[in-house]
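A.B. asks: Sequence:
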Amino acid sequence: MPVSEALLTQILAQLETMQVAQQTMQAKLDSLSAGARPSSPLEPKALLPMPSTPPRPTSTSAASSPVSKQKALDDERKAGLASSSPNTSTPPKALTDKEREKLLYPGRVNLTTYPDQHGIAPQPLQWGASDATTRGPVICSRLPSSIKQRNAIGAHSGSYSIYRALAIAMGTLNPTHKPDYSMTEPPLPIPPNPTWSDPSKIVSFDPWGHLVPQVFRKETEELGLDIRPSIAVTKAHLKMSELDEASRRGDLVIDGTIVLKSRPVKNVDGSVSDVDPGVEVTVSKAAVEPVWYLPGVAERFGISESLLRRALFEDTGGMYPELITRPDIKVFLPPIGGLTVYIFGNPAFVSDESKELTLRVHDECNGSDVFGSDICTCKPYLTFAIEECIRGAQKGGVGVVVYFRKEGRALGEVTKYLVYNLRKRGGDSADKYFKSTEMIAGVKDMRFQALMPDVLHWLGIKKVDNMVSMSDMKYDAIVKSGIPILNRYDIPDHLIPPDSRVEIDAKIAAGYFTSGKQITEADLIKTVGRTWEETEH
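Residue numbers for the sequence shown follow full-length UniProt numbering, so the first one is 1 and each next one is one higher.
Please note: incorrect hints may appear among the correct ones.
To be verified - In the DMTMM-like style, the derived pairs of lysine to aspartate or glutamate whose C-alpha atoms are separated by at most 25 angstroms in a straight line are:
| hint | residue 1 | residue 2 |
| --- | --- | --- |
| 1 | 480 | 251 |
| 2 | 444 | 465 |
| 3 | 444 | 499 |
| 4 | 239 | 374 |
| 5 | 416 | 388 |
| 6 | 517 | 499 |
| 7 | 480 | 493 |
| 8 | 235 | 374 |
The set of hints was computed from the structure by calculation and includes no laboratory data.
Work the whole structure out from these sequences, hints included.
C.D. replies: Written out as structure tokens, the structure reads:
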């Protein structure tokens, strides 16, 4: 016997009502921790038992309207908060992990969703639109208030999203916590420029990411959607021992605006020391999380969107099934590191073509940048570039350093150390430098600089006067994106650590820029690094 449409509608409405009731029960549970110490009500300690009386379900007619359903849910939550109070005479009952799991995730496990699934209605998102309202917010949250409106795959915070999940599981973070962004707006403007509305110029992050609380206030406050910033802009002072030394040598001048004299150093007893305190440098900086527009990323790499989606799904252990099942969702927040922008001088000069701009694009190297390992030139090249940016800013220009989280040429630090072992055991000569990496990783470099220029376009950079880099891949990517580079220069020879000569000579022979002599294959054989025996003292 055929089922009438009216009956199906009634069944669906009742299912919606049950879901609302389930969510309301969780909200009532939240209220029961009012007498406990202030923390997440979902932690596995000091919780009272769930009230035995379930919430009264809303009417079928109310459940049929999304606005009515949300209002009914809010009313039920308020009622639950008002009526539920802890029984202080009864000791709190700890919940088992299984009970907490049911409270955190009351529904069945949803491995994936589909475009034509009932209730799925992604918030409109038009990448490359001329204004924020038309473009629409990026929503990846799976909270009940946003899950049906999701228009992005993945989670905020890149690789740190795993730690957020761990905090929720441990009970230290309430998954429904709503951040207060009321005093977090950028202290300096990074305003929209024409590249923000060009879907071919910025595809690897959200150009509106730092303005989310302002431009999507209605969607957040009135519609209750969980929308989060993916960029944060702030100001700071840099304090580096290398810059202290540069100031003492006279290579950096204290001007009171960009380079400041540091406060006096104190002795252990609290008295003022006569040791030179050095200098500190004023900077503006922005932290950027990756937000990929998949059609644009695929085009940038010269592959199809379907191939990109399949590879991202298959070769991450199947982490994101919706890459396959939701072709209608075009935005993906990958679990990778982001980037940080450091601006030296007036940030407004970055987009001013009349000002001289000095640029360094640097890929992370923890061993050298932080701990000073001398097997590569990363730290000396970075500090030299910072000095050049400061000097350029002091002459009336502006300096920009972009720091990407691409450890070990995006191969990772474990792979990098394995390569180090191979090099030191197999004879560390420049002619074997890239081959050693390929033997371990199967490829010599996975940084793929095609996405790198996006941040330059976001800042409004139209030309680069001085590029402090020898990389041919970075140079080619920037120029191909439409930004001319007028001058480039390499690291001064006296800053190259002896053991990193192998790296530099191998890169020059492979096509890296040099203002000195070209390196031949015969030269590479002669360039040999330090052996392990020489490090044992």
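A.B. asks: Could you run down the list of hints and mark each one as holding or not?
C.D. replies: Verification of the supplied hints:
| no. | hint | in the structure |
| --- | --- | --- |
| 1 | 480 / 251 | violated, 34 angstroms |
| 2 | 444 / 465 | violated, 30 angstroms |
| 3 | 444 / 499 | holds, 20 angstroms |
| 4 | 239 / 374 | holds, 21 angstroms |
| 5 | 416 / 388 | violated, 29 angstroms |
| 6 | 517 / 499 | holds, 19 angstroms |
| 7 | 480 / 493 | violated, 29 angstroms |
| 8 | 235 / 374 | violated, 31 angstroms |
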